[in-house]
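Student: Residues per chain are reported as follows:
Number of protein chains: 4
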Amino acid sequence: MELAPSAHGRELLGRMRTFVDEDVIPAEAAHAAELEALRAAGTPHAEPEVLVRLKRRAQELGLWNLFLPEPVPAHLGVGGGVSVLDYAHLAEETGRSPLLAPEATNGAAPDTGNMELLLAHGTPEQQERWLPPLLAGTARSAFLMTEPDVASSDPHNVRTRLRRDGDELVLDGRKWWSSGAASPRCALTIVMALSDPDAPRGQRHSMVLVPADTPGLEVVRELPVFGRFEGAGGHPELRLTDVRVPATELLGGAGEGFRLAQARLGPGRIHHCMRLLGMAERALALTCTRALTREAFGGPLADQGVVRRDIAQARVRIDQARLLTLRAAARIDAEGARAARDDIAAIKIVAPAAALWVIDRAIQVHGGAGVSDDTPLALLWAHARTLRLVDGPDEVHEMVLARRELARHRPDDGGTGHGGDGGG
Amino acid sequence: MELAPSAHGRELLGRMRTFVDEDVIPAEAAHAAELEALRAAGTPHAEPEVLVRLKRRAQELGLWNLFLPEPVPAHLGVGGGVSVLDYAHLAEETGRSPLLAPEATNGAAPDTGNMELLLAHGTPEQQERWLPPLLAGTARSAFLMTEPDVASSDPHNVRTRLRRDGDELVLDGRKWWSSGAASPRCALTIVMALSDPDAPRGQRHSMVLVPADTPGLEVVRELPVFGRFEGAGGHPELRLTDVRVPATELLGGAGEGFRLAQARLGPGRIHHCMRLLGMAERALALTCTRALTREAFGGPLADQGVVRRDIAQARVRIDQARLLTLRAAARIDAEGARAARDDIAAIKIVAPAAALWVIDRAIQVHGGAGVSDDTPLALLWAHARTLRLVDGPDEVHEMVLARRELARHRPDDGGTGHGGDGGG
Amino acid sequence: MELAPSAHGRELLGRMRTFVDEDVIPAEAAHAAELEALRAAGTPHAEPEVLVRLKRRAQELGLWNLFLPEPVPAHLGVGGGVSVLDYAHLAEETGRSPLLAPEATNGAAPDTGNMELLLAHGTPEQQERWLPPLLAGTARSAFLMTEPDVASSDPHNVRTRLRRDGDELVLDGRKWWSSGAASPRCALTIVMALSDPDAPRGQRHSMVLVPADTPGLEVVRELPVFGRFEGAGGHPELRLTDVRVPATELLGGAGEGFRLAQARLGPGRIHHCMRLLGMAERALALTCTRALTREAFGGPLADQGVVRRDIAQARVRIDQARLLTLRAAARIDAEGARAARDDIAAIKIVAPAAALWVIDRAIQVHGGAGVSDDTPLALLWAHARTLRLVDGPDEVHEMVLARRELARHRPDDGGTGHGGDGGG
Amino acid sequence: MELAPSAHGRELLGRMRTFVDEDVIPAEAAHAAELEALRAAGTPHAEPEVLVRLKRRAQELGLWNLFLPEPVPAHLGVGGGVSVLDYAHLAEETGRSPLLAPEATNGAAPDTGNMELLLAHGTPEQQERWLPPLLAGTARSAFLMTEPDVASSDPHNVRTRLRRDGDELVLDGRKWWSSGAASPRCALTIVMALSDPDAPRGQRHSMVLVPADTPGLEVVRELPVFGRFEGAGGHPELRLTDVRVPATELLGGAGEGFRLAQARLGPGRIHHCMRLLGMAERALALTCTRALTREAFGGPLADQGVVRRDIAQARVRIDQARLLTLRAAARIDAEGARAARDDIAAIKIVAPAAALWVIDRAIQVHGGAGVSDDTPLALLWAHARTLRLVDGPDEVHEMVLARRELARHRPDDGGTGHGGDGGG
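Chains as they are written, first to last, in the numbering used here: chain E, 1 to 424; chain Z, 1 to 424; chain G, 1 to 424; chain B, 1 to 424.
Just so you know, the hints here were simulated from the structure itself, not pulled from any lab data. No incorrect hints appear here.
Label-pair restraints from in silico Cβ distances:
| hint | chain 1 | residue 1 | chain 2 | residue 2 | range |
| --- | --- | --- | --- | --- | --- |
| 1 | G | Val52 | B | Ala40 | 25 to 33 angstroms |
| 2 | G | Arg410 | E | Arg10 | 57 to 65 angstroms |
| 3 | B | Ala74 | E | Pro411 | 41 to 49 angstroms |
| 4 | Z | Arg404 | G | Arg56 | 34 to 42 angstroms |
| 5 | G | Arg410 | Z | Leu61 | 23 to 31 angstroms |
| 6 | G | Asp154 | B | Arg10 | 41 to 49 angstroms |
A few chain Z positions that, by computed beta-carbon distances, are all more than 12 angstroms from chain G:
| hint | residue |
| --- | --- |
| 7 | Arg174 |
| 8 | Gly202 |
| 9 | Asp373 |
Note that CB positions come from ideal geometry on N, CA and C, so glycine has one too.
Looking at chain E on its own, in the form it has when it is part of the complex (with noise of 0.2 angstroms):
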């Protein structure tokens, strides 16, 4: 199994990190900055110039909608043609400026998956009507899964309620962590609801297109990630009361929720993976930089042992995770999402724990800069802490991984034993 880049993957590499760090990473600050006044003026889920300017310069660069393995319909915008494992090597660059360069690059959840859910479920309809400005960056959309009163982390929990009413579909139920929804950009949400709670387990759900400026769907409050609230639509919670949309907005199919679901995840895992080691990185680069700087009891940090092990160690393990993701990517080109579920549920596990220890020691390194916003490290650890709940806590793929790797020992089992097939 191949795991580097083609030779169209590598090309689009170098200049994504070309762009990352010559145009995403110098404008951070004044994005902070830009965002920090749009708070002050009471917007503060308004686009900020910065992010305007860098998905210009990214549309220029024919860094735009590189997220889609099949090319985008020409009818429809520009983009894809991307291989999943091509992507996830690019995925990691955006990762480096996790607030700035995914969605400068039209690859931010949740909008890459809803687009990859509208491309391979909607009518043509749908289509024409959501995907060109979804497509062109220009509209924003939301994915509403995510319960407050229930688990999430079993999602056959989720109990917003679906009915039928003549021509109308209409949602009653509340959602939270509903990334992007506060935004005045957010156009489309897809909503996911208890349809038909006497079907089989795995089929009492479906997924609706709910325009976000339907009557009943309101915003109740934002919730902060470890106190802070994000711009770019931030992650509220919704009530919605009586949500009519027309029949013709049910996605997929009646009953058809989970197996979308299921679908939607994979690539969008893999891109949280790859991000979050892009983030690893980032944070590795600063504490070599750092130890190499600072000074403290007769020499450079990079003299101390510990922060020696430290290094090291973060190298381990970003490299060994990203691996185990790139192995992922692989396999979903080749077999489809649904043959690399296992390899998902791993690298969900993996991902975000490297991550977390790298960007940790970093800060540790980095004293109260760490903890600061003067670096970005105390944003990165929030976001990748989050990710270690987010479509899924890593318990629940713990489990499947568990279940998988036990299936092949039970005496029934028609297989070899054998672990793992190497990298192949």
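Given chain E, put chains Z, G and B in place with the hints provided.
Tutor: Relative to chain E, chains Z, G and B alone:
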């Protein structure tokens, strides 16, 4: 070595528990709302009414100024007369509501350490000017030690300059993480400065009392902790430009800065560590309650083996760290802070680590509620994380401990080579 | 709760330290050589002369049978009258030379627990037959609990069958890890057996005294521990085939097996844990000495930051585990083994883990010498590792602790919900 | 970078799996019994019949001498021509039965490294004398590097003296951990010695071929590993007293010892690491089988959450370490051992750690069976533990990695500052 509270301490402990459970924790929501309103009004550091009320209540209950082992001199205030060990038990209770309880009982850092310094080393004039308002809780104070440009892990690096100019002391430099200094109620700062670069190591620095309104002393900016700007005076960066105070404002003697800082830190670290364990107990209690009430995969989380392991591990980590901290406290009572130096280094390593572990697991069990502010966990985590840096990073305390341990095994050491003396 | 030894205990402790340092540790090499010779002679379990000499010396020094809180009845032997707490301190010292010092002071498992059982629950006839030789150290004994075919983590699984046949008790089954039973000096075995499968859980098992030379009781094989066959009776697997003893050999009453086993385990676990910490102290002392004397990369290992971190971490892990263990010991003294049940579960989790960590790091610092028998480290490690399984694996103790912790937070719990009571 | 085996490698891999599953593992019990009998007969290092049979079988199957990337020259033997990557996959399989499979396929250390050295650096005379018996598996060899009196973590410390005396080379010194040297079949030793103390660092040592029966070369004693004396030549300590060989026995050139040692170690570390992962797979398979079949507390262990977590964590640790090791192997194939130096340092850190973690958890799940020899786990653990020391302790490899990482961030570094290149 007795580690349980004395009869008097036990009585205070019961009262403190009740106060925290019945007055403080129920007031947290109102406090958060008030802070939010103060922030919106542009006065983030104004004193919330909730706090005023709690302070009054604590005074009525006799839960005031308990941090001082010696009774407070009658002409200066009330309180004190509680052993370091007894107060350690009390401090744990206040840690269960760390934004409110310490300040409500006039036991918040850095005021406690500053009052200790003034009582132990202040001239009668210094004491009479500053202690009454501090002991009454009507004024607050800051301790200006850490600097942005140097590795503060090595305190010999402090380079804010102190020079004598006639009858005046003149200060120039930069400080940061000067907790509380942004509060309008902050009346006094104690500044650690380099007074004689050519003196022997350990005698180069001095402490000066600088009224907060002295010209040239200015708040440059406030520092967020993991993105959150705290009230109660925040953690500002300060610039000192030709700051002048009368020569009588020297605290303790020229070149005494280090000695005073060491003495100041001992009990303060006990307080920090015990509060951390209170924070951990809060997190563990929340974990248990959540585990008992949240259902996933067919039963309460409390039935899951990994949750049970986390709970058991939390208990043993907290209990071990507590015993170690109480032993350090008892040793200060028996032999003084200097003799307990290694014990204090030890607790600064273990208490934050134990608390962070417990809080992190609590976050995981709470899912999205754990990273938002719907629980206090995200705040507790950020607090606890900074305490792996405040008052010396782990690495420095490890060096101290290793040096002691190695010394006992050097060939020329007269010691027995035996390990710790158990609980003795 | 006082954790330091009493005046009497302190005096014994000084004597024990001297004994271990001056008599026992210097005799280790001769003991190893003698064991080797005995093995070569085909009598691996014969008593080495070194041990005979050390036992005599310990008796002269009054360091004999100290494990019993009650004084030994005069007609049965000498010793006892040392609190569980005082003995805990002593046990740590014996752990520094775990192959010799416990047995040399007649404080080795399983004899100590067996003597406790006989003293507490034996009939006068049983006591007079078995206790004098055991208390004199002229005979040894074994405790037959664990079985090869069942998960011994759950002691209700014990299935060796006990039935009554007229005036006789008849035993059939298999046991293993029956430490000491292969010794020619082993005179007595205490067998845990299933006496009434239909009784309520907890009352199905009984204990029987079975002389080691009873027909039908045979050693099937000896079990190595990490490849090493130990002397001193080893850890054999036994078969019981129609083993018959008079009905008077029942210990404590029919169906009482469980209750007795629980009581037996309490102090024994204190001993195990304190000896583990003595082993850890030995390993830490070796680490320090090695680090000071071994040069690599231009200086002693003691100058390397990672070695210093290991040493500091070793110190805090040992000290914390010791305080927790001493607290459990003090609680047994104050409230009995039953009340201390959770504390005992806690120490069984932390003491082996702490010791293993310290010994493992010591091995690493010693390189090849650490894994060979040129140091005691490899032996210490294997000993410590088995103690994560002996007397219940970690996982069982974690379940016990978690259950207690959760119980305090159940809605119907009358408790305060407060955590541990500190050192109290 | 392709990490899967080639078509040829895949075919060999299938054959090797079958051989290990059907021939080797079923022969383990007989091998253990034979070793026991040989030990009892006083010939612990004689070749067991089981091994003779397996070697013949491996030769029939073409699973012989596969460790050599270049084809074996026809006049010297058969085998070779398998890439480092392909062989890495094969080595993992042999690691599942580490006492038998490596030697049965003539792929055991230190012979493999010695044969590589002879092929790469031997004179035709040296090759013709030593390679045929080694390649045929009729003779074995040892590599004498480590010394008892110095820190072998720093190989510049080697102090066994080599001097020229006329046409002879004369060696004096002590070596230990000279694996295999106690075997009567050991024909050749390769000795690393200090030839020119005044030469520049890196050019002070040379390698010499010393027939095992050379006068003055004597086995002083054998070293146990965690108490177990191994067969197959053991790990003896040797004394070299005026050991004389013709000057033609110098290997590779005077002062070349270091360069040769570095080159020798690269592929050898790949083999070690992959075998470790095979050991881990064996342990994980045993864990799963045990968990499915053992009942405790009302159900199979496989239903316990902590066991499931262990299994999932085992899987991700093994898979990550494997990918990293395969990447290092592929890099050796593509760029040579020198270019892969950092990758090799990385795997020496992670593979033993991963294997130890998995094996330790397997021991815990197996209880008493895990620490005895009823399972291979205790043996696997001891093997794996020594591999955190063999070929350089973790700490040295961490230093190497940290130095590289820091170098990329030094101001004068021309590099891009980018991290690893992914799977590329």
